[in-house]
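Top to bottom, those sequences are chains A, B and C.
Numbering of the first sequence is given in our numbering, commencing with residue 1 and proceeding in unit increments.
Numbering of the second sequence is given in our numbering, commencing with residue 1 and proceeding in unit increments.
Numbering of the third sequence is given in our numbering, commencing with residue 1 and proceeding in unit increments.
Errors might be hidden in some of the hints.
Pairs involving identical chains hold if they fit within one copy or between any two copies, as the list cannot separate such chains.
As the list claims (entries may be wrong) - In silico DSBU-like pairs for lysine-lysine, Cα to Cα no more than 35 Å straight-line:
id: 1; residue 1: Lys-330; residue 2: Lys-314
id: 2; residue 1: Lys-190; residue 2: Lys-45
id: 3; residue 1: Lys-262; residue 2: Lys-320
id: 4; residue 1: Lys-45; residue 2: Lys-262
id: 5; residue 1: Lys-190; residue 2: Lys-314
id: 6; residue 1: Lys-45; residue 2: Lys-320
id: 7; residue 1: Lys-262; residue 2: Lys-193
id: 8; residue 1: Lys-334; residue 2: Lys-320
id: 9; residue 1: Lys-190; residue 2: Lys-54
Quick caveat, the hints were computed from the structure, so don't treat them as lab data.
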Amino acid sequence: MALTLELLASRLGCEFDGDADCLISGVATLEDAAVGELSFLASSKYRARLAATKASAVIVAERDRDACPVNALIARDPYLTYARATQLLYPDEYHAGGVHPDAVIDDAAQIDVTAWVDAHCVIGPGVIVGARAQIGAGCVLERDVVIGRESRLMSNVTIHGRVRLGERCVIQPGAVIGSDGFGYANERGKWVKIPQVGGVTLGDDVEVGANTTIDRGALSDTIVANGVKLDNQIQIAHNVHIGEHTAIAGCTGIAGSTHIGKHCAIGGHVGIVGHLSIADGVQISAKTFVSQSIHEAGFYSSGAPLEPNARWRKNFVRMKQLDEMARRIKTLEKMVRKLSNDV
Amino acid sequence: MALTLELLASRLGCEFDGDADCLISGVATLEDAAVGELSFLASSKYRARLAATKASAVIVAERDRDACPVNALIARDPYLTYARATQLLYPDEYHAGGVHPDAVIDDAAQIDVTAWVDAHCVIGPGVIVGARAQIGAGCVLERDVVIGRESRLMSNVTIHGRVRLGERCVIQPGAVIGSDGFGYANERGKWVKIPQVGGVTLGDDVEVGANTTIDRGALSDTIVANGVKLDNQIQIAHNVHIGEHTAIAGCTGIAGSTHIGKHCAIGGHVGIVGHLSIADGVQISAKTFVSQSIHEAGFYSSGAPLEPNARWRKNFVRMKQLDEMARRIKTLEKMVRKLSNDV
Amino acid sequence: MALTLELLASRLGCEFDGDADCLISGVATLEDAAVGELSFLASSKYRARLAATKASAVIVAERDRDACPVNALIARDPYLTYARATQLLYPDEYHAGGVHPDAVIDDAAQIDVTAWVDAHCVIGPGVIVGARAQIGAGCVLERDVVIGRESRLMSNVTIHGRVRLGERCVIQPGAVIGSDGFGYANERGKWVKIPQVGGVTLGDDVEVGANTTIDRGALSDTIVANGVKLDNQIQIAHNVHIGEHTAIAGCTGIAGSTHIGKHCAIGGHVGIVGHLSIADGVQISAKTFVSQSIHEAGFYSSGAPLEPNARWRKNFVRMKQLDEMARRIKTLEKMVRKLSNDV
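Chain A extracted, bound-state conformation (with noise of 0.2 Å):
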């Protein structure tokens, strides 16, 4: 899609410095840009930068307009403005509605005659499929899912039963939704399965990323609020609440029963216990160890630092000994206390 400098800045809603006529087509780094392009300055710092773009216009803030050569685009929030710009120019690719006679149709689904469903889909009894969504290659949707309006199923998505979708939901390849929870009993050492009959509720505009999987609850739904956004090969097990527009990074675990509050920020490979409570605000850095419930918004850590193989094992060695030293400190502040007060 092209659009005209002036064009863009109207649907955006900002100004512009510049050719109005000048006619954008596609989005690029301040490097790589190109005739045509749009690019962004997302911070004041890199302002430098400007000056030897190659973009055709770049979206900047009020401060840094004066450090543009090229066409401007003035905005508030630059990278922001840059989000919804590649929207315009990127719109996503939506099929006309209608099954591909590839896909294999339960009699007893209804699918929305404005949806699309691509080759190789198998989609079971009592499936429904929202008005315009969009169903990829080799989707499988079991028995009663519920697709919401303008939702995305990328390739070789399994939803399994009782799974219901909110709208302009997005789902990567290979995600898995619905899977049964890791419930089990255990008889003299044996494991006996308890059926899963819980589901998975999923809000509006949910993002799932690929290979990620959503376990089904074992008795009520597991849940996904509004507007969370899920990364790659992250872990939801059975029961657990995901409060709205919490952002979760990859490969993170979260177990059984844990509540997420909204507005959380969770990074890359962290993992949650079961049945905890986290409350609205928390962020959480990379590779974080949550062991307990956490009360208050704020920024949390855990984990060791990096070191050369060699030093770390000192040190490694040494945290064994950690509450062996914090004894022999005390001990030593008793001992010297006692030579201060004898000297």
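Following the hints, position chains B and C against chain A.
For chains B and C alone, kept in the frame of chain A given last:
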């Protein structure tokens, strides 16, 4: 499925108190249960919750019988009985034997007449699918795979050559069994692939979680013994051996040739390095790093605590100084001992 | 495939001792090998094991020749020669060129006549599949994907738009290449998606493990250079660059825009945060947390040691007191120094 209280008690081998004809058709928590639903009290700690339940019946221990205001099933282990009751009330759906016309089956595969193969499966030469096995939509079973009787593969499962599943296994969607082990020799800085010619053997009653991966052995087989339960997104490398009735939580990775004992319980996000031996009956808490063999049953852990980021940064830096701190304590002890003698 | 010892030696470019006509048809460990099988002794440490082997031949170093009681292949690096021998004895199966009638190929895709496309693949417009490439069952290749000659995609692989694979790549089942990077701008607490318009470039001889995910770039490409080997369940975020002949073990995650050097060896379950730079020749041990750039080749680690849970709990608490402990040591040192002067 709906059963009377009397019939349910009889099938579960337990006593009941109350209306023998009360019809039970589902399970729910004490809080959520409605008429017609069964609940359970797993621990006497929560017996106060019994008072308000709207469940038609509750599974309780003998000692909590008096606190149950509705029909009761009396069980030695209410949680285990709840598992069994749920199995009775929500029996697995078995498709009658047959092969979907949109599955592709090699002429040299043997599918039992009572087994079901769903749409868009691809089944290679030499594959054997046992009685009443259920192969979900989009599964690919390559050359010579053997699926034991009553095993169930959910959708989009991939099983590569020389893999043998026992009876009554359950494989969740997206799991991959029999992928190549990560084996290379190094020749002047370049990696030379070692073809992986072993297979994978899964015992009976093994469960494999969604998007979990189990590599085939380099020479001999990777082995997952009877009754092992693997959660989602677990990585089992080549030639790992997992002993009977061990359960492993999500996102855990086990490197090549490590041998895990029987009846172990391993938490989520645990990393176990290769060529180790873990004894029977070992429990490992979530996110633990296992870099050495464990020779005795017991409960093991590693990892650093969650802290507010600002405090963590201070302690994080100190972890690099642990060895130095330990030496300084030792020096102090010598000096103080000397001073004590001198004074 | 079966070869005589003489022919095998000649193909491997090494000397042999013993029966030139001895027929070798497989490989196995020293312990398991039977008649007709070849084994290897990777390290002289284990030379005592040679005595009992039933292998028909063993690959040994010159220095272990005397201890080998059966036919011997003499190699400078027996492990490397075992890799090569296994390649000769177990050649990859190549299907003859052709497209399965149950694959769905867009008219605007170009499939080389010598390439093979298996059942239930879906191949979009603009896709190019090179000579002798092998596309396994259930793979989805979206618009404009390029697969280099002799590359092999196992089953159920998903490759989205603007991804280019070099020659002789191997992609294990369930891998996803070209999923959207995790990019959002924040507008008053809500996440605004940034369409990801870059692609992914894989060099020649790249291997991608089962259920590994590689995101497409935000603007420019994510790059995985020649000879890189990625194990299972690795997550590569947008705009990561991985240098030539680097190998990465399972479950490792690399956040956005991080640049990894050449010839690195990165262990399993490692987490590397975004926008870092890792030098050539860096080794990182399993489960390490990399939160800063590494400027020099070498071996790096982080992490806390495994302990019995009761002991760990004590040391775990002390980790929060490290900074305080360090200050107390400093205070003690001052006091003791003063006391020493006073006494």
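- Query: Between the shortest in-copy and the shortest cross-copy C-alpha distance, which are at most 35 Å for Lys-262 and Lys-193: within, between, both, or neither?
  - Reply: both (33 Å within a copy, 18 Å between copies)
- Query: Are the CA atoms of Lys-190 and Lys-314 at most 35 Å apart within a copy, between copies, both, or neither?
  - Reply: between (41 Å within a copy, 32 Å between copies)
- Query: From the Cα coordinates, with 35 Å as the cut-off, is the pair Lys-190 and Lys-45 best called within, between, both, or neither?
  - Reply: between (61 Å within a copy, 25 Å between copies)
- Task: Have a look at Lys-330 and Lys-314 and pick one of within, between, both or neither, based on CA distance no larger than 35 Å.
- Result: both (23 Å within a copy, 15 Å between copies)
- Query: Between copies, within a copy, both or neither: which fits Lys-190 and Lys-54 at Cα up to 35 Å?
  - Reply: between (67 Å within a copy, 32 Å between copies)
- Given identical chains, is Lys-45 near Lys-262, meaning Cα to Cα at most 35 Å, within a copy, between copies, both, or neither? Answer is both; intra-copy 31 Å and inter-copy 31 Å each pass.
- State whether the alpha carbon distance between Lys-334 and Lys-320 is at most 35 Å within one copy, between copies, both, or neither. both (24 Å within a copy, 22 Å between copies)
- Item | Status of Lys-320 relative to Lys-45 across identical chains (alpha carbons, at most 35 Å) | between (44 Å within a copy, 32 Å between copies)
- Item | Intra- versus inter-subunit Cα pairing at 35 Å for Lys-262 with Lys-320 | So Lys-262 and Lys-320 pass the 35 Å test across copies only (28 Å; inside, 37 Å).
Against the hints set out earlier in the document, no violation occurs for any number.
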